[in-house]
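Please work from the sequences and hints to get the whole structure.
For the record, the sequence lines run as chains P and C. So for the first sequence, this note's numbering puts the first residue at 450; every next one is plus one. So for the second sequence, this note's numbering puts the first residue at 55; every next one is plus one.
In short, the hints are calculated from the structure, not lab data. Model, not experiment: these values are computed from the prediction. All residues carry an ideal CB built from backbone N, CA and C; glycine is no exception. Warning: the hint list may mix true and false statements.
Computed footprint of chain C on chain P, listed as stretches where at least three residues anywhere in the stretch have a Cβ under 8 Å from a Cβ of chain C [unchecked claim]:
id	segment
1	553–564
2	581–589
3	610–616
4	744–756
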Amino acid sequence: MSATVQASGLGAAVAASLIQLGAVVLGGPLLVGLMAKVRARAEGRTGAPIRQPLLDLRKLVGKEAVHAEHASAVLPLAPFVLVASAAVAVAITPLVTTAPVLRQGADLFVVVYLLLTGSVALALAGLDPGTAFGGMGASRAMTIGALAEPALLVAVLALSVQAGTSNLPAIVSATLAHPAWAASPGRLCALVALVVVVIAETGRIPVDNPSTHLELTMIHEAMVLEYAGPELGLVTLGEAMRLGLLFALVANLFFPWGIATTTSPAAVVIGLVALGAKTAAIAVAIALLEVSTAKLRLFRVPELLAGGFVLAVLAVVAGLVTR
Amino acid sequence: MSLLLIGLGLGLAGTAAGALLSPRRRVPAAAVLGSGACVVAFVAAGRALVSGQTSTFRSVELLPLTGVRLSLDPLAALFIVTTAVVGLAALCYGVGYTEGGPRSRTATAMLPAFLTSLLLVPAAASVATFMVAWELMALTSTLLLLVEHRHRAEARDAAQWYGAMTHVGAAAILLGLLLLASRAGGQTFAAIGLRAGAMSPTTRSLAFVLVLVGFASKAGAVPFHVWLPRAHPEAPSPVSALMSAAMVNLGIYGIVRVGDGLLGGGVLWWWLVVVGLGVASALFGALHAAASSDLKRLLAYSTVDNVGLVLIGVGAAGALEVTGHRALAALAMLAALFHLVNHAAFKGCLFLGAGAVQQASGSRDLDRLGGLVHRLPLTALLFGVGALSISALPPFNGFASEWLLLEGLLHGFAAHSAATTTALLAGVAALALTGGLTAAAFVKALGIGFLGQPRTPAAANAREVAPSMLAGMAMLAAPCLLLGIVPGSVVPMLRRAADTGLGDTFARPLRADLGLNLAGFEGAIEPVLLLAAFVGALVVAWASVRLFARRGARRAEAWGCGRELQTARMEYTATSFAEPLQRVFADVLRPDHDLEVTHVAESRYFRQAISYHSRVDDALERTCYRPVIRLVEAWGGFARRAQNGNLHRYLAFGLVALVALLVVLA
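Laid out in structure tokens, this is it:
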């Protein structure tokens, strides 16, 4: 790509990335609300409106922030790092269009490590107040993270092996060009592995229960127990953005159709609608899965994640054999 | 080359000054001369690295019988530059480091000598020179390891293990190199490199296996790592930093120099073995690091882990070169060397930070630390930079090299060979598994050690360390950031070193760029832009919270489930933090649990005291090394029975030996 083409396309690419960011900032909380709604309906309750998480955010911003007395600067800083790392990951991932800003450096491994950055920031914040619950949450979250990370990385590698590159827009474009790939055995193994990882990383049942109220059974909630007010809002927003990003990533890596391949307004609108439909479908599926399964014991979770890791390795092998 | 000689001379002058001057003068004199040696060596090697020129030196007088031969090529220069930077930081740090009481004459004199030997080893260009430098390195580091032996019995034990392992390793290297030298008919590396192609495959393989054992034991690769988690924690912290960030590198250097350079690549299975060693080291080291609660032991095991990652890269490069994929080999080798340099920066910084913690709080047991961020803010910040770098978070340097390593392995799959592909797949899996474990280990080190409430009065009263120590840490934290943000700036130098290692491939695996941009494949990272986007997002998030928030922040007691007054005893400790991972990987770690319950005399239903001990020993040491040690001890016991001190018995031995000799001769 020559420099002039890059320069002229830069404005459009930045705009596309900002649209993606806006979609995830608004869409992430809506997906969380949708999942809560589906669960409620499946359990025979009416449930809160789908936009409830957004209303919660508005409420939290108006509240007072409370810092634990032994906490350092890490506690107030971590939510910002979480949100910013998620925002950068969203900006470079092809969600609405395959031509986001920083197309050249939009690497799948970068997204994986940006997500890890957010997790590390939250785990450090969990340890910062020096309480039992924070430490417990951080320890459990890092244990699950340490096991989910390899499955994620290898699943991602399986996709890269098939496309011959780890560049995200290139992988998505390659899948668009070779529709048969979507149904290849390697892809399917990678899909299952990635779904396991997404469930673990977003803290859903059967790995973690986001609506638990008992500190001893918490993982993610225990880690962020010390947050209040705007900072809690940022943590919730950051988590919702990560959920939106991961769902969208699964959708676009395995079923990219509908995504805009240019930055023309019409294509971007179609891309937005397609993204919303695909992620909503995934959210409903995972919510139904949540209703129908029980939470696993903490020490059974590694078995699930190890299964995901093995599937991911199988996906790489299958990708190499069928290449 | 003459500059390098001046540097080595300065180092030796530092040793002499440390040994001969009065106690008040010797510490500054040795530090200044040692720093001078580092600076001069840095300039000399840096010039070789930038120009790509090779210069040589020979002297017949310096070493009787064989003479001294030195050669400064880009590969050697890369290791010298790395050592020089770590050495300078360690010396600067050492000025304020007073842990373990005032410095003895031996300690003052040996540090510059150790540094000189580290600078000399990569420059050696003949078997004799190399072995002299190698032994100098082994002896001086053993002496430095013993500096604190009066305070800690563990130091003696560590020195014994280190001495034994390093000498077995040196013997293996000597045998391997002598075998090559005898077949080549000359002991210079040039002569060996010239005639290695004509040697029989058996000779070359035997020599490679011998030197691999020796170099892998110096690098601390599993299963030859047992000395490392003992020696690195027990040495004074500047020495720990030099050992972990400079000395283990030379093990890798040896493998590259002999395997790729002198033997010209060899056969595929050599490199599959190297990848195997790397995979085992990476996994074993990362698991033990995640389970350790001793800060320096954690760092030492993480060195084993990172050496494993470098070995995976080196092995992949060798395998790809042998199968004829030279461009891919160059990429993998470049990635391995980049990770080695990055590891030197962050591990040096972390070891110096651990020493600062130890000096400030009197302990390196994470279970006795906590809350240090309030007492040692700058140390915490610098240690944090190291911890985030080693966890491979963007935009720090660990991320850049791990990304490159991943890309190297990913594109290496293009080599359609079942054996290579399997090895690469194992390498990728190991890289993926260690990533999460390393993050967990360093969240523990940073979160338990520096955040939270202090767990002991000593930790609560810790004082920030001397400025010189902070400067030493900062000297290594700065490259962590620089190499992470503009990794492309060092790529040309790394490429020259990798090319020399592989014997000139002339392939350019990366395009000229501030970030890393693969040539021939689609794949790039642009850390500068990522960082700019990240900072922009931070500012926007901060501004919008400012804009919408209506009330300020307030300090209050942390939530304790309704219980008031939470003490440090209720905090999670490093042991409890690591417990879930330890339980998940119990089959590999084999933790020892010991639960003792004392009952009240009147009734067994009431308990008087419960004591619980848990420790994670090195399972490999227990299963592989203990039996050998027992065998040697049994042999020693048998030999002692023959030696009862009775003069008549010794005369009888003499007579028997004489008769036997006569019978044999007759």
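Status of each hint after checking the structure:
1. With 7 residues bearing a CB less than 8 Å from a CB of chain C, the segment 553–564 of chain P meets the requirement of three and the coverage assertion stands.
2. Figure legend: the segment 581–589 of chain P, annotated as covered by chain C; annotation consistent (8 residues with Cβ-Cβ distances under 8 Å, at least 3 required).
3. Counting residues of the segment 610–616 of chain P whose beta carbon lies closer than 8 Å to any beta carbon of chain C gives 5, which meets the minimum of three for the stated coverage.
4. Closer than 8 Å: that is the beta-carbon criterion, and the segment 744–756 of chain P has 3 residues meeting it against chain C, so the requirement of 3 holds.
This entry satisfies every hint, going by the numbered hints stated previously.
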